[in-house]
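Asker: Now for the letters of each chain:
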Amino acid sequence: MFQRILVANRGEIALRIIRACRELGIETVAVYSEADRGSHYLQLADEAWCIGPAPASDSYLQINRIISAAEIGNVQAVHPGYGFLAENAHFAEVCRSCNIEFIGPPVQAMQQLGDKVSAREIAMKAGVPCVPGSDGLVSDVDEAVKVADRIGYPVLIKATAGGGGKGMRVAGNEISLRAGLQAASAEAEKAFKNAGVYIEKYVERPRHVEVQILADNHGNVVHLFERDCSMQRRHQKLIEESPAPKLPEEVRQRMCDCAVNLVRESGYTNAGTCEFIVDKNYNFYFIEVNARIQVEHPVTELVTGIDLIKQQILIAAGEKLPFTQADIRHTGCAIELRVNAEDPENNFRGSPGMITKLRLPGGPGVRFDSHVYEGYTISPYYDSMIGKLIVHKPTRDEAIQCMRRCLREFVIEGIATTLPLAKRMFNHANFVDFSVDTTFVERTF
Amino acid sequence: MFQRILVANRGEIALRIIRACRELGIETVAVYSEADRGSHYLQLADEAWCIGPAPASDSYLQINRIISAAEIGNVQAVHPGYGFLAENAHFAEVCRSCNIEFIGPPVQAMQQLGDKVSAREIAMKAGVPCVPGSDGLVSDVDEAVKVADRIGYPVLIKATAGGGGKGMRVAGNEISLRAGLQAASAEAEKAFKNAGVYIEKYVERPRHVEVQILADNHGNVVHLFERDCSMQRRHQKLIEESPAPKLPEEVRQRMCDCAVNLVRESGYTNAGTCEFIVDKNYNFYFIEVNARIQVEHPVTELVTGIDLIKQQILIAAGEKLPFTQADIRHTGCAIELRVNAEDPENNFRGSPGMITKLRLPGGPGVRFDSHVYEGYTISPYYDSMIGKLIVHKPTRDEAIQCMRRCLREFVIEGIATTLPLAKRMFNHANFVDFSVDTTFVERTF
Amino acid sequence: MAKPVENEEKGDSFDLDRIRKLLQLMKTFDVSEINLQNDDESWKIRRGPRVAYAQPAVSQGFAMPMAAPAPAAVAATAAPATPAAVPAGVTINAPTVGTFYSAASPEDPPFVSVGTVVKSDTVICMIEAMKVFNQIQAEKSGRIVEILVENGDAVGFGQPLFRIEPV
Amino acid sequence: MAKPVENEEKGDSFDLDRIRKLLQLMKTFDVSEINLQNDDESWKIRRGPRVAYAQPAVSQGFAMPMAAPAPAAVAATAAPATPAAVPAGVTINAPTVGTFYSAASPEDPPFVSVGTVVKSDTVICMIEAMKVFNQIQAEKSGRIVEILVENGDAVGFGQPLFRIEPV
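Chains as they are written, first to last, in the numbering used here: chain A, 4 to 448; chain B, 4 to 448; chain C, 9 to 175; chain D, 9 to 175.
Any given hint could turn out to be false.
No more than 20 Å apart at the CA atoms, straight line, and that leaves these computed lysine-lysine pairs for PhoX-like [said to hold, decoys possible]:
no. : chain 1 : residue 1 : chain 2 : residue 2
1   : D       : K35       : C       : K52
2   : D       : K35       : C       : K35
3   : C       : K29       : D       : K35
4   : A       : K204      : A       : K169
In silico contact screen, one side only, chain B against chain A (beta carbon under 8 Å); selected entries [what the hints assert, rightly or not]:
no. : residue
5   : R22
6   : E26
7   : H43
8   : D310
9   : G365
10  : G366
11  : P367
12  : R370
13  : D372
14  : Y376
15  : E377
16  : R408
17  : R411
18  : E412
Keep in mind that the hints were calculated from the coordinates and are not lab data. Please read all numbers here as calculations on a predicted model, not as lab measurements. Glycine included, each C-beta is placed from N, C-alpha and C at the ideal position.
Whole structure, please, built from the sequences with the hints as guidance.
Answerer: Structural data, given as structure tokens:
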């Protein structure tokens, strides 16, 4: 086992990793930018090193500085958290070449699944349904038109290296397809230095459902059931929950099996998530693999009782999974709300500043994962998430009641937050009866 | 169901009840003394009434004022919490005579179980083992000596109305028995206006194990397994956990069955706890019933997933228990630590004052039930408990690791607390391997 | 704090004249904190040295949001323990929680009115608690200058009922 | 603190004249805090010394407890962002995290000593990061008056290495 781990991240996920290490008896080395100097969670690490000024590009994204901190900190492994370098295969490679284990999947699996076209090929090989489309990149416009004729309009044009909505276009007919192809390709070339695009059937108003996976280095792969993340705004998830409401049991089971097969096929290990979209007839299609721990992992921890961060560390240390698929039970309903320092009244503009008053909700079944406290200053340099409020109750109805109760207790003063939006979401009839899709929040609020 | 409940208590348990009501869709009326004016939890009630000055005898113990607040607050029921009027049968009677339901057991059951001699009689009738002793009060010294000769020394002299160690004496031989009888009787007469005493076999260094019970008004009685509360100091519990470590499964099962039988025999309903002492050979003896919710109820909530406060309310409203004994599962290990504003360096002297800095532990499996926050002032008028830190993990080892981790994170400044003692307790080898009894803390720390 | 206000029409900003008048009033009556809120605006003002965080209990007392029968409940939080919120001058406060009655029965005249001079044993109202009508004596002497609650109001312990001044 | 005001229509920004008047009023009436909010604006003003509580983030920076190799790590927290902890005078700070070496090799003399006059391009030490020995230049000119770290110490980004004074 590792004696000492470097946490290559900040904020709530850094705190989460430090907590897991502490419980496992592993020492931690934290790194921080000048903007995070003095944050309380750094005191909980055994050692903390400043690695650069506030901008992430000069600190949390500086591979050489993080490796350097890992060396002077004398660690055996690095946990990348999510974001920053978590899905950077090069970083994983550098770590391992320095004899420091990167707590994450093998580099090859990261690379293959990181590329949308090769990920799709692996999925097809594993028998996992993908959205009908071109098998790989389209070489020219005529090929694209041929594919679109076969699968039917509307179609989605996607950059193979894209993400966050960039290099993406919807085309309802041949004319807009021809125009969109050029635009998407140019945008992708500019943003990702990779002009490759492919096209696929456009699924209207889908739900987003994902399956949590754990795989060790001994060939054991299990799923930890699904999370529904359809409540999102501009591709940013706002609410995640498990089980996925109204998903037929048979579909759920098939989706979980698909995720396991896909992970097996790719040689992926450690924690990962297979993302699917689900259409209104409960057809599901593989979208991508998130090759890291996710923000919403506590949802799965609560319904399964399994600590995902600890499992990541144990897997990276070469341990076998301590349970089989049959041992993993799903209990009750867990819902997570991301609380962001954004002003919903002002187009979700970021709202950095000092938290002058903080009253946290609590009580049975309530967990708040956060590094903030009264007097903490939200930095303008990083993402706006203040924390994650997660509730776990026997039923979804009770979980919603509990979340409403928590939102009534929750006081954050000094900065604008998304709590007012959260109140409206948890009181909206369509959310309560779950007549939602990934466009619901933008259409409604 | 009730539409509106008055919470006849303060602090963390008042907040706990307000939270449960909110999730059930029930409005709450809070009452407060002048010392508690402005506490944040009062804002979470739908209405709050000042009922008197700071001393509890002039406010939280003033039955007429609480009933008056219940009347102007227009409630259908009163939840008494623990302490104050929770086990006051007269208060329960007054509530019900005003057509306000008292959320607790029937008055007759409270009275019978509140008296140690009649409680013992009920236990014997239900086949529950009691400590060998006089069957009822001893009428004179000669009878006491006869009983002591039969059951063997050392014996314990106990006041029937006693509590908290008052009116209690240990006698190792006939001489000290004769002297102790008089002293205990006089003390009890003075403290409780009831000189009646009885004697029983003195069990040396016992463990304290209790069984949580729920009983509805339709004849359904279930147990929610046991809690070990052997870690106590001067009859004040400090750490409670479930399952009771090292208790043979067969003993545990028998103890739980006894508790169910006792509750059935007494006609008791609502939530209650049967307390037992366990000697080193795992013989257990009934001690008393706590006819109310207990401070340590979250331990049971975490291992069973059942919300005890909600069940209390539902039972009082006439609902049937929504589960049978077979439905109730015990998962993992939960440990509760009471955090008190007392100075362990100064003989546990109370340490009221303002909390100037507060950093709470958190993360998976951690719950902190408390009404305090940074800037809150601990009043000198009421008990010293600041809050309850409860962890729930798959195993006891993991729970202890988690608790240690939490204690490392926990910062309370401005007042002295029992956190330093807690750290020592959770690191003590005898606690870890659970070679402890109810005298362990006093002997060791 | 104040929830977003909806008054889109309102062009002008804070009226400093009104604020000055309010500050004058606060000084005159030695008010340390005031918290006004309506549909359009929220004013929160503190006077005197900042103890700021040191006394959240006090400052929160004023802001306590209450549901229906709110007015009484809010008033109930303005009891003697927080002198700044009490109307200036000497008050006679409720010695118990209950329902306030200004007269012995609906047919009777009120025990006292503005201008009545009371002695310490003068019955000034009744407070009903648990079906019992308690006759409340003034416990102080002076002239009633303001009646602070309405007939039939629920009152909390310590809530000011009458303001009096020396005769 | 008060969140940024949105005022899209409003061409002009805060009316400093009105704010000055309000501040004048606050002083006159000894107001410590004022908090005004309406549809268009939110004003929050505090007078007087700030209480201790307001600055936990800063004070924690100094108190950060560290385990072994603690001295270096603690020093690392005392970088320019927390000026109170920085040695008086001008310092040359580590431009990267790594291991500090005062000389090119154990056999060589140190690049600089107390009393050495440096120019901005003078090599003053090496910092090893990822097996690479980076020659660090002074970037400032002056006379070395104190060397703040030991040969072989781990240093954090921004950690003061040398104190210098003008020649």
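Asker: Work down the list of hints and note, for each, if the structure agrees.
Answerer: Structure-based check of all given hints:
no., hint, result
1, D:K35 / C:K52, "16 Å, holds"
2, D:K35 / C:K35, "12 Å, holds"
3, C:K29 / D:K35, "14 Å, holds"
4, A:K204 / A:K169, "18 Å, holds"
5, R22, "4 Å, holds"
6, E26, "5 Å, holds"
7, H43, "6 Å, holds"
8, D310, "6 Å, holds"
9, G365, "6 Å, holds"
10, G366, "4 Å, holds"
11, P367, "5 Å, holds"
12, R370, "7 Å, holds"
13, D372, "7 Å, holds"
14, Y376, "6 Å, holds"
15, E377, "5 Å, holds"
16, R408, "4 Å, holds"
17, R411, "7 Å, holds"
18, E412, "6 Å, holds"
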